[in-house]
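Colleague: First to last, the protein sequences are chains A and B. For the first sequence, my numbering gives the first residue as 1, with consecutive numbering after it. For the second sequence, my numbering gives the first residue as 1, with consecutive numbering after it.
Since the hints were made in silico from the structure, they are not lab data. Be aware that one or more of the hints could be misleading.
Selected chain B positions facing chain A (in silico; Cβ < 8 Å) [said to hold, decoys possible]:
#	residue
1	55
2	64
3	83
4	119
5	123
6	161
7	163
8	166
If the Cβ cut is set under 10 Å, some of the chain A residues that face chain B in the computed set are [said to hold, decoys possible]:
#	residue
9	66
10	85
11	164
12	219
13	222
Every residue, glycine too, gets a C-beta built ideally from N, C-alpha and C.
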Amino acid sequence: MSAQRRIEFGVQTNLHYTTYAEVLETWQTVEREGLDHAWTYDHFLPCFRDPAGPTLEGWTTLTALMMTVPRIRAGVLVPCNMFRHPVLSAKIATTLDQITGGERLEMAIGAGWWEPEFRAYGFPYPPLPERLDMMDEAIRVMQSLWTQERTTIEGKYYTITDAPFAPKPVQKPHLPLWIGGMGPKRTMRAVARYADGWNVWTQPREGYEMLLGALEKQCEEIGRDPATVRRSVAFRFAVDKDPKTAQARLFKEAEDADQELPEGFEELINLALTGSPDDITEQLSWYTERGVDHVILLLDAPFPQDELTRFAREVIPAVRAAGM
Amino acid sequence: MSGRRRIEFGIMTNLHYTTYEEVRAIWQTAEQEGLDHAWAPDHLLPAFSDLGGATLEAWTTLTGLVHEVPRIRAGVLVSCNPFRHPALLAKQAVTLDEITEGKRLEVAIGAGWLEVEFRAYGIPFPPLPERLETMHEALQVLRSLWTQDRTTIRSEHYTIIDAPFAPKPVQKPYPPLWIGGKGKNLTLSAVARYADGWNVLRQPHEEYATLVEALERHCEEAGRDPATVRRSVAMRFEVDRNVAAARARLWREAEEAGQEPAEVEELIDMALAGSAEEIAEQIVSDAELGMDHVILLMDPPFRHEKLTRFAREVIPAVRAAGF
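Build out the structure end to end from the sequences listed, making use of the hints.
Modeller: Below is the structure:
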């Protein structure tokens with residue numbers, strides 16, 4: 001990527017250990033502070049926390065939030081393919097695109113990964129390669145339903161027979177599709193073939209460059225210009241002149257949330273956007289040089305509203321001043 | 001039934017061959033005219049019509065509508081069980097119940113019947129007894145997730161293992177749960193065992209009486225007071241002093257909606273058609289069998305004036321008769 005694009009900023013609010021009212025308040029902050037987008041998630045049980053806690057359904061919450069928060073673009077990051085037949089997912093997304101006038105919805109999809117929720121409710125949980133196969137097929141089903149008069153697909157997992165599908169999405173040719181993940185082969189191949197954008201949690205720099213290389217290779221194989229794939233990275237964040245204090249705040253946040261810290265959590269904190277506005281701008285410039293123009297700030301309940309407001313008022317202007 | 005209950009009135013708007021804006025407009029009319037509730041069906045393809053037409057997803061549409069129509073109670077009639085795992089349905093329902101602060105959501109469930117949508121999209125469509133059996137199991141899952149700390153259910157179609165489920169519904173023990181259908185055995189026994197209410201398309205009075213009798217028998221078997229089962233009946237309608245003109249108008253409506261005559265003949269035969277007084281009498285006669293919930297079926301293009309007329313002429317006549 002040569003020309004730097006203006007970075008769009010957004011948040012992802014987890015929907016566990018919280019209430020609809022708290023999520024709504026956070027999204028209203030996002031909108032008021034001039035960010036560009038917001039995302040819910042799609043889980044049945046809280047991730048990395050005691051499973052007995054509350055979790056809200058991703059699409060229902062998203063729909064309600066979009067009805068109440070009028071401007072920002074929004075989506076579920078990511079809807080789990082295993083929870084819904086692809087025709088239901090396609091229908092839900094199209095309906096929400098219609099309701100919001102074709103101006104706001106982002107679509108994403110993932111293969112599913114939080115095993116406890118599959119085990120508890122008896123959702124099938126085949127090994128990852130098969131889940132990825134299912135996701136590939138589901139994307140082909142959805143994109144065909146969204147764009148073709150009639151769809152016939154005899155897949156291994158889904159069989160669609162001469163099926164009409166209407167209305168079509170308002171956004172053309174179909175809804176912007178994001179695929180999330182960090183598998184260098186299968187995930188990147190799906191991104192190159194089907195997606196408008198690729199989203200990943202923040203990675204060590206060499207890891208990110210390796211994935212980018214894999215993405216470019218997959219794009220070349222099918223003759224797609226890799227610059228046409230939007231790149232989104234999701235970060236935890238803490239703004240403070242003193243980077244050590246900032247990191248300590250992130251650990252305290254995780255502790256307050258009573259999270260079972262997953263393996264590599266320390267690294268995740270090390271990779272967070274931390275420090276002064278200038279420090280964070282510098283961290284982001286490394287990514288923008290690699291084509292990233294979409295930044296997602298990860299928020300876990302209790303949502304740190306002050307931290308978010310500080311980011312919006314101090315960091316974003318610094319990023320803009322640096323021409324990003 | 002001894003004590004008379006005030007009959008509640010609502011509409012059910014089909015979501016095919018229409019737009020979200022048109023559905024919103026007729027829901028707003030229902031609200032302005034003082035009706036009590038509104039419902040939307042759950043289909044992936046248009047029922048009774050050319051399959052190429054637009055159909056909106058029910059729960060998404062419902063979630064949108066409750067934000068723009070602030071008062072009436074609302075639900076999906078009926079949520080098609082095979083489209084969603086019961087844990088997903090349970091989760092959607094508690095989420096919308098929380099969003100609407102426990103004041104608005106009704107939940108209804110059915111076994112699925114519009115075969116063409118299953119065939120087109122490759123969703124399994126086993127024979128009716130199995131679909132009903134699956135629905136029975138889904139109801140057990142739903143009710144357990146909504147009320148118990150942990151659920152373990154190993155049934156033929158669902159395996160739930162030590163599963164927590166939170167938040168619980170705001171409405172206690174859970175949102176009013178309706179089951180739709182007229183199967184005298186499996187459907188009505190499910191109503192007696194699991195449901196707060198039973199919904200059925202309008203039947204000839206004698207047939208309705210037979211169904212009510214079957215329901216009451218299932219209630220007795222389950223040790224439940226049949227008076228605790230709410231009874232809802234859905235029908236098309238046309239208010240006109242001239243009954244022949246009313247029927248002709250119903251046929252023209254079906255034709256304009258592109259509906260297959262053979263598919264809708266029974267619906268039109270069973271429609272409420274006539275003067276406000278005649279319709280009120282028909283409603284009262286079913287109300288004497290315990291019907292306390294009238295659902296007016298509306299197809300696009302939605303005729304607002306017809307709904308307004310019903311609300312302003314028929315409902316007062318029903319109230320005057322003491323219901």
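Colleague: Which numbered conditions among the earlier hints are violated in the structure presented, ordered from lowest to highest?
Modeller: 12 and 13
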